[in-house]
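What follows is each chain in one-letter form.
Protein chains: 4
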Amino acid sequence: MISAEAKARLKTYLDGRESGPGRIVDWILIGLIVYSIITLTIDTIPGIPPEATRFLRISEIVVTLIFTLEYGLRVYVAPQRLRYIFSFWGLIDLIAIAPFYITLGLGLAGIDMRGVRAFRLLRILRLLKLARYSRTLARFHRAFQLAREELAIYLLLTLILLFVAATGIYYFENPAQPEAFASIPHSLWWAMVTLTTVGYGDVYPITAGGRIFTFFVLMVGLGIVAVPTGLISSALSQVRREESDARLAQLVAEENAEGKGDG
Amino acid sequence: MISAEAKARLKTYLDGRESGPGRIVDWILIGLIVYSIITLTIDTIPGIPPEATRFLRISEIVVTLIFTLEYGLRVYVAPQRLRYIFSFWGLIDLIAIAPFYITLGLGLAGIDMRGVRAFRLLRILRLLKLARYSRTLARFHRAFQLAREELAIYLLLTLILLFVAATGIYYFENPAQPEAFASIPHSLWWAMVTLTTVGYGDVYPITAGGRIFTFFVLMVGLGIVAVPTGLISSALSQVRREESDARLAQLVAEENAEGKGDG
Amino acid sequence: MISAEAKARLKTYLDGRESGPGRIVDWILIGLIVYSIITLTIDTIPGIPPEATRFLRISEIVVTLIFTLEYGLRVYVAPQRLRYIFSFWGLIDLIAIAPFYITLGLGLAGIDMRGVRAFRLLRILRLLKLARYSRTLARFHRAFQLAREELAIYLLLTLILLFVAATGIYYFENPAQPEAFASIPHSLWWAMVTLTTVGYGDVYPITAGGRIFTFFVLMVGLGIVAVPTGLISSALSQVRREESDARLAQLVAEENAEGKGDG
Amino acid sequence: MISAEAKARLKTYLDGRESGPGRIVDWILIGLIVYSIITLTIDTIPGIPPEATRFLRISEIVVTLIFTLEYGLRVYVAPQRLRYIFSFWGLIDLIAIAPFYITLGLGLAGIDMRGVRAFRLLRILRLLKLARYSRTLARFHRAFQLAREELAIYLLLTLILLFVAATGIYYFENPAQPEAFASIPHSLWWAMVTLTTVGYGDVYPITAGGRIFTFFVLMVGLGIVAVPTGLISSALSQVRREESDARLAQLVAEENAEGKGDG
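Residue numbers (the UniProt record's numbering), protein chains in the order written: chain Y, 1 to 263; chain W, 1 to 263; chain C, 1 to 263; chain B, 1 to 263.
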């Protein structure tokens, strides 16, 4: 339909990497995402007047149609369409509009699914695009890659610790509180709430044994909870050091090259 | 009215950077801030005897008049008056006295605004001046600047995470607890209280699905909460290293200069 | 009974270090551990139908027999049998099966001990084997070794802090809340829940003195709680740095060796 | 009375730095401290049988007499007696026994002061002596010294933040919850419990404005709470680096000295 040149220009606009029209398109889309999030959030509040609800629904239809148009254009201008559709950003773009059409279809079929509607809020993930081209995200990525294996082992240790804590507290507290610590899965809830130091206060040990056990679990557990902080911190330090070392090495190389040139 | 020399001396006193009278003025003002904070705090306690209230009011008037005089003098001695008025410290100095005159005006107009009166407590921000000339604050500033972009992206990630957590828990818990998880905004309150590990215990999931979802949210969320600690720690390390590298480079440069001088 | 060669091959299979059959045996055992954990967890839920209970019991018997066979084979193929039995992994393997036989024995003797049954869940510790050969675990181990003495002193400081906090709060709160702060041991529970920032909300100070005391305890206490994070982080950084220094030193040594060879 | 030599030997025993009798004296005293802590803790439990109470009282008298003897000997053998009495360890040693004699005196005067008795538990501070000669404590000390000014500024920032948070929440929540947020001091309790993420759940905002304000307070506040961790971590890293640099510098110096010797 349209020339290859127009297509390329359209792609540039949608990518939002260039100044001028592309930047404007970018900010309009960000504004729409934020607007859409706010309306969807308000929409879940019970007891809002029907006129407000009607306005929210209409504005939601308009916004989703714009996002659908954007998605269609992105697929259209992509050099490899399937690759875009199944890429991270392609899937996020689809998640942003799919719940609307699913609830529409279910609604026409007479099924009311509020839950699916809530998923429209996941279009907030599109805001991640704001950070797409930043050096920071690359540094994060590199730090996570460095600490990946360690984080996996930390996750394994955490799971083991949660089970050991749940087993122990079940043994101590089940006779005294058969409701709160009814089973190991119930005790797992306690273990998680305690070891993350959230401590809602809906379940807590009341026996002396359970409290002493909690002491030991927390002494060991907080150390394990502290490890990922240390890991990410340590990895980020290393990434920064590597960056400055690379800069230094480049400077030295340039100087040497000059020195040889002089010689 | 007064000579330029007297004006310059007055400025020196108010800045509090020099020993002698300036230092004394400085400590008197700090003492007045602390005294003023204490009286304003006591003033909000309900049921204090009327004589105490009267004394507190009078002492507040005296303290505010002194602060007003100080503010006037600072504006008077400033080389560029508007620049001082709209500077960070100028605004803080204004915040310290403005609520008094606003409540006075409102009181004369027959309006009682306790809220505005509480804002007088914001004069505690003036205590930040204690740290104004310290090397530490400069190091903090530099570390925050180094980690600025990263902290911004962390804030974006946190906001996205809060929304995703709120959407998910709303889906799981709303049918079981229509009061506590009445809407996405209500669920956002839960998400914030949980991910910061404050865990008041006013809202918490009770369904199995909601609890398993909470597990995943916390596993990912605590990692994100841990990142800023790592960022600031890593940035502070770098600032310290830069400082010691700069000292080292200076020493080497001095030695080389001596070496050449010898040659 | 069997040849030394067959024994060696069996050992290789059980160790799971080689690709092929050994790897398959490894994954089957991991699958059985996970399956066993899930069934044991479900088994503690009250009110599950009797058929489900029967199925769970039978599958538990089968799994434990397989683990017993595995344990027997491991003891059989071990070069030094006693050494394996009293090694860390040998004890874990025993813990995984012992509770089954103990409850069986107690059951035959007419004693019902649900608590001992729960201990079967400790076979989750066998999952630690997943991380046995990873470089990460070695790094963890080295970091903990570096920070060992510091962690011990932190533990001592924490214990002292807990006692000081409990003593103080008992003094302030016992007269006002004789139930919640009935004794120093009761106050220790409060001290632990507060200083780890879990904050269940079952006990908290209500007097002005107790609250001001809590402020000071938290100001000092959070610093102490923060120290182990710093310790482990700092130790992990050092381990990483040592590793990269060692690599660098090796590279330099190789280059020098080449240089000499050329000369 | 006794010879200077015997006095010196006695001092060596009490200091516990040498192997042999001194080490034994040291461990006996540590054991007595631990025993004394346990008995004093048990003593506060209400409803223990009178015989147990009598036994605890007698053993407390014996232990305190031993500690008094030890204190007397320490004062006796100290080269400068007043200096020891007012030293850190001298004061701790006095705190360990003084409450006993104070309660005795008050008891004879017919006054029952349970509070003072609880202070005997502070003799747990004597356990700090365990860490007296460790290199770790020196490293801690150096790290705290490095981060001292920064920690002071962090404390100032925390205090300012607490006041700003309390002022703000008082403004938002006082009309809705006049009991829980009765005054700024009451709100300060909320601010502290929230910013340290303890979150007992005794006070929490219920208005939309108060909750949104809490969000901003936590976003800024957790960053400030995270700073000391970063500071101590960063300082400990630097201390470790300085130590290894010093070792390296020594090695290089030794090598150079050898090199010159060869030349």
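There's no promise every hint is true.
[Unchecked claim] Pair ranges (Cβ atoms, derived):
1) Y:Met219 / B:Leu128: 12 to 20 angstroms
2) B:Leu128 / C:Ala78: 44 to 52 angstroms
3) C:Thr207 / B:Lys11: 52 to 60 angstroms
4) C:Ala78 / Y:Ala78: 34 to 42 angstroms
[What the hints assert, rightly or not] Calculated Cβ distances over 10 angstroms to all of chain W for the following chain B residues:
5) Ala4
6) Ile24
7) Ile58
8) Ala78
9) Leu122
10) Leu128
11) Ser134
12) Ile153
13) Val164
14) Ile184
15) Val198
16) Gly201
17) Met219
18) Leu231
19) Ala253
Keep in mind the hints are simulated off the structure, nothing from the lab.
Every value quoted in this text rests on a predicted model; they were computed, and no experiment measured them.
Cβ atoms here follow ideal geometry from the backbone N, Cα and C, with glycine treated the same way.
Each hint, compared with the structure:
1. Y:Met219 / B:Leu128: 12 to 20 angstroms: This hint holds: roughly 19 angstroms between Cβ atoms.
2. B:Leu128 / C:Ala78: 44 to 52 angstroms: holds, 46 angstroms
3. C:Thr207 / B:Lys11: 52 to 60 angstroms: Violated - the Cβ-Cβ distance for C:Thr207 and B:Lys11, about 45 angstroms, lies outside 52 to 60 angstroms.
4. C:Ala78 / Y:Ala78: 34 to 42 angstroms: violated, 60 angstroms
5. Ala4: Given a closest Cβ separation of 49 angstroms, the condition holds.
6. Ile24: holds, 44 angstroms
7. Ile58: Holds: least Cβ distance 45 angstroms, greater than 10 angstroms.
8. Ala78: Nearest chain W Cβ is 39 angstroms from B:Ala78, so the label holds.
9. Leu122: B:Leu122 clear of chain W: closest Cβ-Cβ about 30 angstroms, beyond 10 angstroms.
10. Leu128: holds, 28 angstroms
11. Ser134: holds, 25 angstroms
12. Ile153: violated, 5 angstroms
13. Val164: Per Cβ check, B:Val164 is inside 10 angstroms of chain W; nearest 7 angstroms; violated.
14. Ile184: violated, 4 angstroms
15. Val198: violated, 8 angstroms
16. Gly201: violated, 4 angstroms
17. Met219: About 7 angstroms separates B:Met219 from the closest Cβ of chain W, which leaves it inside 10 angstroms; violated.
18. Leu231: B:Leu231 not clear of chain W: closest Cβ-Cβ about 7 angstroms, inside 10 angstroms.
19. Ala253: Given a closest Cβ separation of 16 angstroms, the condition holds.
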